[in-house]
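K.L.:
Those sequence lines, one after another, are chains H and V. Each residue of the first sequence is one higher than the one before, starting from 125 at the first, in this note's numbering. Each residue of the second sequence is one higher than the one before, starting from 164 at the first, in this note's numbering.
Honestly, the hints are just simulated from the structure, not real lab data. Watch out, some of these pointers could steer you wrong.
[What the hints assert, rightly or not] Sample of chain H residues at the chain V side, in silico, Cβ under 10 Å:
1. 128
2. 131
3. 140
4. 143
5. 152
6. 154
7. 233
8. 237
9. 243
10. 259
11. 261
12. 294
13. 326
Every residue, glycine too, gets a C-beta built ideally from N, C-alpha and C.
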Amino acid sequence: MSDITELFQAIGPDDAGDPAAATVAGDLTRGRTALVRAHRRAVVRRSMFATGSLVVAAAVAVTATQVGGGSKAPAAVHHGPVQIVQHHHASAVRLVDWTGQQLAGFTVDQVPAGWHLSTSTQFALLITADGSTDNDPDAFVGKLAVLTSSVDEHGLGNGDPVTVNGVPGRVDVQDGTVLLRYNDPNGFGVDIQAPPALHWTDAQIVAFAEGVHVTGNAVHSHG
Amino acid sequence: MVSTERDEEYRTYVVARRASLVRTATFLACGDHHVAEDLVQTALMRMYVAWPRVRKDTVDAYARKALVNALIDTRRRGFARHEYSRADLPDVVALEPPVPTDTEHAVFAALAALPARMRAAVILRHLSELSVAQTAEALGCSEGTVKSQTSRALDQLRDSLTAAGLPIGARSIDEPATARTS
């Protein structure tokens, strides 16, 4: 052991003893908030990638058409991006009344047919297809998610203007995921993410949102 | 609210290891307890997000790396960007940090004069008693860099502490270190 080591070990705070329960709870809350934030960023990244792919596909289609202009292939002009944008209109999963147990933080009037309330946290309610065994509250992929908006985010963002229970909202589609943001009557900003599997339109996600109620157990997220 | 397996594992880890992380962070923050607490909170927050990818046998190494990265990030960005005001003050009463002794004051001042990565190298080697290889992993650099950084750090520390009235003998930095889990 060197003199520096002996000196270091003789000073500074003690490394023994358990932290206070509130300190541990704070660490856990910060971690979970960061995880929600990371999920949101992942959704945005996926949508940006999809948008980039769309642009590239469009450019390739146009270039191919122009290069082949002298040949006999004019039908290529209308293919490509249109199919990606319009994908969610087919076989949308309809809403049915939810008569099962409600979870802390949120209540819902309806759920997609064949889906059920999976789990909830202070920041999120997750709804999954019947038969799904994934009850991880931190895994959002493939799930219908209701999230309290971050207090650090303001405005409704981009997308189609809609009305949810008389208040304005915005619906955006990113990589097949339908995203709705609006403010509920209690002042909570709410984000709803509907996975591509539901094939929902703007009207369907709004209809679902009008049956969502944020209760006193929910809190704003941060970041 | 549900408590997941991740939550339980994480909670167990925090209870067992938080005090050790705060101690290491206090040295990295040159005795500033508030900065040290911020470093620990940042590191633990990142660990929670990455928890499924953190192998149980390397969780302490991951924590050390997160702590050092938090220190480097802090110096790059400054703490002001992490602060945001609130309308309501928290109910929790903040405890006053302990008043440093003369020795602590001298040591932390000497550490503060070192560049962040050099400081981290000497702290991991001589406080946490990591091996050169473990320190290199935590810092994301070569073992040779650890040796050179630690050597220069020790020279500067000896000069600073001698000037402050705390002379320490010259000992080899390459003497085997006993690996600890902190």
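K.L.:
So, for every hint listed, does it hold in this structure?
P.N.:
Hints and how they fare:
1. Here the hint on residue 128 of chain H is kept, as its CB sits about 5 Å from the closest CB of chain V, short of 10 Å.
2. Contact between residue 131 of chain H and chain V, as hinted, is supported at the beta carbon level, the nearest pair being about 6 Å apart and thus within 10 Å.
3. Hint on residue 140 of chain H holds. Least Cβ distance to chain V is approximately 6 Å, under the 10 Å limit.
4. At its closest, the beta carbon of residue 143 of chain H sits 4 Å from a beta carbon of chain V; the interface hint therefore holds under the 10 Å criterion.
5. Hint status for residue 152 of chain H relative to chain V: holds, with the closest Cβ pair at about 6 Å, below 10 Å.
6. Checking residue 154 of chain H against chain V by beta carbon gives a least distance of about 5 Å; that is within 10 Å, so the hint holds.
7. Contact between residue 233 of chain H and chain V, as hinted, is not supported at the beta carbon level, the nearest pair being about 22 Å apart and thus beyond 10 Å.
8. Because the beta carbon of residue 237 of chain H sits about 25 Å from the nearest beta carbon in chain V, more than 10 Å, this interface hint is broken.
9. About 5 Å separates the beta-carbon of residue 243 of chain H from the nearest beta-carbon of chain V, less than 10 Å, and the hint is met.
10. Annotation: residue 259 of chain H was flagged as interfacial toward chain V, and the flag holds, the nearest CB pair being 8 Å apart, inside 10 Å.
11. Among the interface hints, the one on residue 261 of chain H holds; its C-beta lies about 6 Å from the nearest C-beta in chain V, closer than the 10 Å criterion.
12. At a threshold of 10 Å, the smallest CB-CB gap from residue 294 of chain H to chain V is about 25 Å, leaving the interface hint violated.
13. Taking 10 Å as the C-beta contact cut-off toward chain V, the hint placing residue 326 of chain H at the interface is violated, the least distance being around 31 Å.
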